[in-house]
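Novice: Sequences listed follow chains P and S, in order. Residue numbering for the first sequence follows this note's numbering, starting at 40 and increasing by one per position. Residue numbering for the second sequence follows this note's numbering, starting at 592 and increasing by one per position.
I should point out that these hints are in silico values taken from the structure, not numbers from a laboratory. The C-beta atom is built at its ideal place from N, Cα and C for all residues, glycine as well. The reader is advised that the hints may include incorrect statements.
Claimed, not checked - Restraint-style ranges between C-beta atoms, simulated for each label pair:
#1 Thr122(P) - Val634(S): 45 to 55 Å
#2 Pro606(S) - Asp264(P): 23 to 33 Å
#3 Thr122(P) - Arg638(S): 42 to 52 Å
#4 Ile659(S) - Ala256(P): 35 to 45 Å
#5 Arg150(P) - Gln668(S): 21 to 31 Å
#6 Ala120(P) - Glu632(S): 38 to 48 Å
#7 Leu672(S) - Ile275(P): 29 to 39 Å
#8 Glu96(P) - Lys598(S): 24 to 34 Å
#9 Tyr336(P) - Glu620(S): 31 to 41 Å
To be verified - A few chain P positions that, by computed beta-carbon distances, are all more than 10 Å from chain S:
#10 Thr80
#11 Met87
#12 Gly88
#13 Lys100
#14 Glu117
#15 Lys160
#16 Arg165
#17 Cys216
#18 Leu274
#19 Asp291
#20 Asn296
#21 Gly305
#22 Asp314
#23 Tyr336
Said to hold, decoys possible - The list that follows gives simulated cross-link-like pairs (lysine-lysine, DSS-like), each with its CA atoms no further than 27 Å apart:
#24 Lys667(S) - Lys100(P)
#25 Lys667(S) - Lys318(P)
#26 Lys343(P) - Lys129(P)
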Amino acid sequence: MHDIIILGGGPAGLTAAVYVARKELDALLVSRELGGQPLLTAGIENYMGYQYIEGPELMAKFEEQVARFPIEQKVGEEVVALTRLERGFKVDTDSNGSYEATTVIIATGKRAKQLNVPGEKKLVGRGVSYCAICDGPLFASQKVAIIGGGNSAVGAVDDMVRIAEYVYLISTTELTCDKVLHDRVKDAPNLAIFTGHEVVEVLGDNRVEGIVIRDMATRMEKKFDVGGVFVEIGLIPNSEFARKLVKLNEFDEIVVNCVCETGVPGLFAAGDVTDVPEKQIVIAAGEGAKAALRAHYYLQRLTKD
Amino acid sequence: MSTQTEKIVKVYSTPTCPFCKSVKKFLEENGIKYTELNVAEDVEARRTLVSRGQMGVPVTDINGEWVIGFDKGKLKQKLGL
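Chain S extracted, bound-state conformation (with noise of 0.2 Å):
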């Protein structure tokens, strides 16, 4: 059995918003591949952020677990890092 489990990482982001290039850079810095969410313009990913009541950007999905914002402290503790 593998040890290491794939971590799926979706961020959701706007353009114009500097912390999720932050979270951006974090991810890319640490070799972590990601899909990018842009809020703006993806009304479906707009649309789950909205349903669970998140209306701040940016927020990291990890497996199915929100990092909300550039936390890096969490995203280390999510990502295994």
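With the rest of the complex left out, here is chain P (with noise of 0.2 Å):
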């Protein structure tokens, strides 16, 4: 049995892994991947000590630093389920691997959330894409349809402006964005925004060939020919695993304490996974020293018991 086992690999969780290794903890770390949201972060230019660096290299460096460290890692395994047992925890994973431990981080953040409509799955990397950033350059000189309303979607339409043919927004809501990046393209030639709207299918058969919106208030359907849709209306908690065990708040992020407890003793959570009010990197680098810090404080207790 570990002493700890650390689930995700991202700010967070890398900083936990630095943090209880320097406490001389057996410890596990467990995660799909290394690097989490910051790998699809072009530039950064708040995370303290690099003036702007992209995020790809960032998390090379948290990587790197994790590295010098004794920590068993099992990268490329996804946590699927939690379980509590008399004097600790279990993890299963999607490669069928199974550790104990007796206390346990999750810090698995977030994943993009998905339309959840005809034809978006089948078409993913076929014209559906979740990173403008990535996949934007692609689509030149084609129509393209932007869904959302936040920072990331009007980021994406105004990278896509720039270089594809035509773009139409479509948003649920008004526009949530900063208001310095709706000036930016709301005069674009090549731009139709819907507001109000939503989407119905994704149409095509190898790949995307259109999309059918309806005006929310009038019920009416609108079909536009695009290659690509481009789908940015927020992410969701990876907390699915963790549901029967921690309380979660309506977002379902882990509802955790300053010091990273969940009620759970000995499940602490860290980082854009949990309810802390602002998701940014240097944020969940702190979260996850404050966990790792909490669960050396709770296993030292443990042994003086």
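Assembling the complex is the task here: the two chains are given apart, and the hints tell you how they should meet.
Specialist: As structure tokens, this is what we get:
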């Protein structure tokens, strides 16, 4: 049995790993990949110490730092179940891994929300994309639809109006993006904005050919020919595996106190998967450190009893 | 007869794609030579991807076999690492 298992290898999990290693705890890090959401971030200007750094580069530095310590890592495995044992917890993964520890830190972060409309799943990578930063240039000179009304969506619009033939921005609500971003795009000649509209279906057999949207007030449907659909409608916490054990808020985030306790003794959570009010790399890293130190404190008290 | 097959590796990428950077870093760390095809500028490369219905990067072509995304497991397997 390990002293601690850290679930998730983003900024929170990797920071927690360094902290537990320096307390010489027997630690295991389990994560699908290392780096987390910052891997999808191009430029970071507000992580201290680096005036401007690209997400993947910053996370490579996090990884290098973790590699300096003797922490066991199972990368490429994703937790599917977390169960409470008499004196700890058991983690089961999608690779049939089964690991036990006295304490666990959940730092599994968030993933992109899907539209959950017909045609979406089938056409992922074939015109449906959740990463405009990655795939945008592939759709140069094509017509594209961007779904969402926040900074990610309007940021994608800003990029795409420069290279696409036409951009349709579809949002169920009024745009919630920063005014600066909205101002940048609103006069683009190849842009049409549809607020108060939802996506009904993504059309196409082997690749995206069109999209059907619906006016939420009148229920009238419109169809556009597009070659790409960028889904930027928000993030959902990777907390499903823990829902039977911990308290979740209305966004399915794990509720924690200011020392990252979940209310279940020995079970801690850190980063974007929790209800910490702000989702930022520097905050996730700080939460990872707090959770690790609290777990260490908990372990120390256990051995004293 | 040589038991080692020369692996010809191409990486289809866009300049701002973070997973593409991860693939390139992975190849470099393992001493694998590759050609980078920037589909933002290289129209032929873009057509190759699109013609096979693949509209996402990164795509790593290893002797004609494609690995979609930054899939360490598949990359290791196809590169014989």
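Novice: Give a verdict on every hint.
Specialist: Hint check:
no.: 1; hint: Thr122(P) - Val634(S): 45 to 55 Å; verdict: 53 Å, holds
no.: 2; hint: Pro606(S) - Asp264(P): 23 to 33 Å; verdict: 28 Å, holds
no.: 3; hint: Thr122(P) - Arg638(S): 42 to 52 Å; verdict: 51 Å, holds
no.: 4; hint: Ile659(S) - Ala256(P): 35 to 45 Å; verdict: 40 Å, holds
no.: 5; hint: Arg150(P) - Gln668(S): 21 to 31 Å; verdict: 25 Å, holds
no.: 6; hint: Ala120(P) - Glu632(S): 38 to 48 Å; verdict: 46 Å, holds
no.: 7; hint: Leu672(S) - Ile275(P): 29 to 39 Å; verdict: 34 Å, holds
no.: 8; hint: Glu96(P) - Lys598(S): 24 to 34 Å; verdict: 27 Å, holds
no.: 9; hint: Tyr336(P) - Glu620(S): 31 to 41 Å; verdict: 37 Å, holds
no.: 10; hint: Thr80; verdict: 7 Å, violated
no.: 11; hint: Met87; verdict: 21 Å, holds
no.: 12; hint: Gly88; verdict: 20 Å, holds
no.: 13; hint: Lys100; verdict: 12 Å, holds
no.: 14; hint: Glu117; verdict: 13 Å, holds
no.: 15; hint: Lys160; verdict: 14 Å, holds
no.: 16; hint: Arg165; verdict: 5 Å, violated
no.: 17; hint: Cys216; verdict: 19 Å, holds
no.: 18; hint: Leu274; verdict: 16 Å, holds
no.: 19; hint: Asp291; verdict: 26 Å, holds
no.: 20; hint: Asn296; verdict: 33 Å, holds
no.: 21; hint: Gly305; verdict: 31 Å, holds
no.: 22; hint: Asp314; verdict: 27 Å, holds
no.: 23; hint: Tyr336; verdict: 35 Å, holds
no.: 24; hint: Lys667(S) - Lys100(P); verdict: 22 Å, holds
no.: 25; hint: Lys667(S) - Lys318(P); verdict: 33 Å, violated
no.: 26; hint: Lys343(P) - Lys129(P); verdict: 23 Å, holds
The structure fails hints 10, 16, 25 (numbered hints given earlier, in ascending order).
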